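Whenever a hint applies, use it, and build me the whole structure from the sequences.
Chains as they are written, first to last, in this note's numbering: chain U, 1 to 525; chain V, 1 to 164.
Be careful, since some hints might not be right.
Which chain U residues stay away from chain V? Per the calculated CB distances, all over 12 Å, these [said to hold, decoys possible]:
hint, residue
1, D87
2, A205
3, M217
4, P295
5, Y305
6, Q321
7, T399
8, E449
9, P486
10, I510
Pairs of lysine-lysine residues, derived as DSS-like cross-links and limited to a Cα-Cα distance of at most 30 Å, are as follows [to be verified]:
hint, chain 1, residue 1, chain 2, residue 2
11, V, K107, U, K455
12, U, K495, V, K160
13, U, K261, U, K18
14, V, K160, U, K494
15, V, K87, U, K460
16, U, K51, U, K40
17, U, K495, V, K154
18, V, K43, V, K122
19, V, K15, V, K87
20, V, K87, U, K312
21, U, K188, V, K27
22, V, K27, U, K312
23, U, K460, V, K154
24, V, K43, V, K16
25, V, K154, U, K315
26, V, K84, V, K154
27, V, K87, U, K383
28, U, K495, V, K107
29, V, K122, V, K16
30, V, K87, U, K494
31, U, K273, U, K261
32, U, K460, V, K157
33, U, K242, U, K108
Just so you know, these hints were derived from the structure itself, not from any lab. Note that this is a predicted model, so its numbers are computed, not measured. Every residue gets a Cβ at the ideal spot worked out from N, C-alpha and C, and that includes glycine.
Each chain, written out:
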Amino acid sequence: MPNFNHPDMYQALFSDIKTNTPIKSPVYEKSGEIAAPTPKEIRVVLRNYGKIDPENINEYISQDGYQALLTCLTSYSPEQVIQVITDSGLRGRGGAGFPAGKKWQFTKNSPGEIKFVVCNADEGDPGAFMNRRVLEDDPHAVIEGMVIAAYAIGATQGYVYCRAEYPQAVRRMNIALKQARELGLLGKNIMATGFDFDIEVRMGAGAFVCGEETALMASIEGHRGEPRPRPPFPAVSGLWGKPTNINNVETFANVPQIILKGAEWFASMGTEKSKGTKTFALAGDVNHTGLIEVPLGISLREIVYDVGGGIKNNKGFKAVQTGGPMGGCLPEDYLDTPVDYEALAAAGSIMGSGGMIVMDEDTCMVDIARFFMDFIQDESCGKCTPCRVGTHSMLEILTRICEGKGKDGDIEELEHLSKVTRINSLCGLGQGAPNPVESTLKHFREEYEAHIYEKRCPAKVCRDLVQFSIIEDDCTGCMVCARNCPVEAIEGEKKQPHSIDPEVCIKCGICYNVCLFEAVVRQSE
Amino acid sequence: MKNLYNKPPLNNPEKKLIIDQILEENKDLPGATMVILNLIQEKIGYVSKPVQNYVAEFLDVPISVIHGVISFYSFFTMDQRGEKNVKLCMGTACYVGGTPQLIDKAKQELNITLNETTPDGKITLEICRCVGACSQAPVVVVDDELHGNLTPQKFTKLLKNIQK
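Below, the structure written as structure tokens:
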């Protein structure tokens with residue numbers, strides 16, 4: 001730790017680092033997901049993504065890092081910091097969209113000597129990896145945001161709760177914390193201003209519900225990660241009963257930029273009620289998958305076609321799924337929906353933390369609803385009955401429909417269960433659980449009807465409702481399908497037409513995918 | 001109670017030392033239970049019933065508290081796993097991208113089903129939650145190493161490599 005006794009000495013150190021730190025080539029993951037931002041993107045949270053070495057604090061400082069913290073500690077009062085954040089219109093990026101400034105104010109106003117700042121890095125939504133990239137590629141931005149929040153609300157200890165599936169993020173975060181401590185940017189007497197605050201990383205252990213704030217706190221305390229009723233909200237009674245401010249990774253990463261560039265700059269991006277930019281993990285059947293950051297208010301169409309480059313293999317667009325397992329699937333008619341908290345909710349989906357999965361015409365929406373329900377019922381913590389039993393019952397019906405055993409009245413029963421589970425569940429998990437079912441029922445009801453009444457799967461996905469066969473005239477007898485079949489259901493000599501034994505076939509579709517001559521066909525009748 | 005300590009991994013002096021060290025270093029942390037159990041899972045590979053008992057005694061809490069935590073979180077396992085843990089990602093993008101086919105292929109290749117270990121103790125087959133590598137779907141994680149953009153053919157090769 002440098003022996004500095006005045007904040008100005010930090011200013012000098014920063015200027016020195018800035019002029020003397022050459023940015024080395026960025027540290028790419030083996031996967032090399034990084035691509036240059038497309039013209040429609042604006043990078044605020046991801047501004048350093050792929051540009052700096054996240055394991056070298058000097059490279060972050062050379063990009064104006066920790067400058068915002070120095071400004072806050074030396075020239076802003078805690079009230080002023082909160083005012084800037086409130087004016088910027090920054091809303092919680094975890095999905096619910098609660099105004100960050102307001103949350104900070106509540107925590108500040110709560111009486112108590114000991115207060116906590118917690119960073120929710122339990123990014124559990126399947127199909128979402130925005131927070132992982134921020135933690136791995138720009139961990140100091142999150143740390144700086146947390147220290148600023150701590151200064152604003154008067155906290156002395158912070159926790160980053162990271163999921164166990166992200167070992168690399170935990171490793172990078174710990175390196176970053178160590179380096180920040182060594183420079184005196186964290187710990188006792190931060191930047192010689194007399195402000196004390198330290199951060200510790202805590203790991204989850206594979207429970208999705210721990211992304212819910214009260215469950216997350218229970219987990220940090222070392223208990224089973226079960227949610228509890230609110231109020232009291234964490235701002236009043238959080239970790240170990242003390243006032244606690246919980247924000248998402250992305251929310252914290254926005255903070256230093258807002259302080260540096262001003263609330264007006266941030267508020268100039270986005271829509272009336274949703275300001276700034278949002279990162280999305282674009283995945284699924286689009287040409288360009290990966291991490292993107294777009295101004296709020298952009299339409300889904302622009303994301304899918306301009307940023308994502310359209311649907312892979314010239315197939316037709318079917319749906320875009322936003323908001324993770326508790327989000328919804330939106331069809332083509334909704335592609336012009338602007339991406340902001342209110343508009344997505346009105347369309348029957350949610351903003352969520354930012355997973356965005358594009359599905360082409362080969363996706364069965366009943367199967368997708370079943371997939372999400374399977375996830376949710378597995379992750380339901382079991383504390384409250386509507387969620388525990390409701391999700392299980394819905395899964396039973398959806399499974400039955402996918403297996404071709406659906407009955408008249410199943411759709412109505414699903415609608416009823418959705419309503420009951422939504423209204424009566426304790427936390428966001430159960431309340432959001434019916435979303436995938438309700439949104440697919442609303443937009444793709446005819447697919448449910450085809451499964452139930454005609455016993456066919458229009459997208460030819462549900463295994464019990466499709467048959468595979470080989471067109472003899474097109475088959476060259478190349479043996480590729482036979483070699484790849486996991487159950488040896490394909491018979492035939494080399495250079496002779498092959499055939500599939502329907503008794504043995506498990507309908508996995510591998511032969512359909514590997515055939516170079518389009519001789520394998522799927523039917524659902 | 002004493003005879004519990006005769007069971008693995010507590011009867012292995014090296015492993016017992018690791019466990020004791022973890023307990024000693026972290027016992028005073030606020031919310032130590034999760035930290036300790038996470039470390040034991042990481043270093044020993046599983047948290048068996050005798051170990052749960054041992055931790056409970058050390059922290060002076062009922063064993064139900066420890067077992068409650070272990071059974072709640074999916075990352076904790078109570079039995080020993082294979083040398084290599086092959087986890088198939090079941091995130092949305094991977095599911096749509098073909099994980100179910102990979103599972104069929106793995107079952108055929110290894111002759112075991114999910115959550116089982118091959119008789120030689122080499123490979124355990126599991127599915128796991130989204131690992132956040134959705135742009136490379138479908139993804140398989142072998143221990144901590146990520147393999148993306150897999151097809152059933154590539155996956156077969158991968159499994160063969162591991163078995164060697």
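Query - Outside-interface status for U:T399 - nearest CB in chain V farther than 12 Å - result: 14 Å, holds
Query raised in the report: Would the pair V:K154 and U:K315 pass a check requiring their Cα atoms to be no farther apart than 30 Å?
Result: 25 Å, holds
Requested in this report: Below or equal to 30 Å on CA atoms is what counts here, so check V:K43 against V:K122.
Outcome: 18 Å, holds
Query raised in the report: U:I510 clear of chain V by more than 12 Å, beta carbon to beta carbon?
Result: Given a closest Cβ separation of 5 Å, the condition is violated.
Query raised in the report: CA of V:K107 to CA of U:K455, is that 30 Å or under?
Result: Holds, at about 29 Å.
Report task. Take a quick look at whether V:K87 and U:K494 sit within 30 Å of each other, Cα to Cα. Result -> With a Cα-Cα distance of about 35 Å, the restraint between V:K87 and U:K494 is violated, given a limit of 30 Å.
Requested in this report: Assess, step by step, whether the Cα of U:K273 is no farther than 30 Å from the Cα of U:K261, and give holds or violated.
Outcome: Since the Cα atoms of U:K273 and U:K261 sit roughly 20 Å apart, the hinted pair holds (cutoff 30 Å).
Query raised in the report: Holds or violated: is the Cβ of U:A205 farther than 12 Å from all Cβ atoms of chain V?
Result: 3 Å, violated
Requested in this report: Grab the minimum beta-carbon distance between U:M217 and chain V and tell me whether it stays above 12 Å.
Outcome: Violated, because the least Cβ-Cβ distance between U:M217 and chain V comes to about 9 Å, which does not exceed 12 Å.
Query raised in the report: Holds or violated: is the Cβ of U:P486 farther than 12 Å from all Cβ atoms of chain V?
Result: 4 Å, violated
**Report entry** Distal placement of U:E449 relative to chain V, Cβ over 12 Å
**Finding:** 23 Å, holds
Query - Hinted pair V:K122 and V:K16, Cα distance within 30 Å - result: 24 Å, holds
In summary, the numbered hints that this structure violates are 2, 3, 6, 9, 10, 22 and 30.
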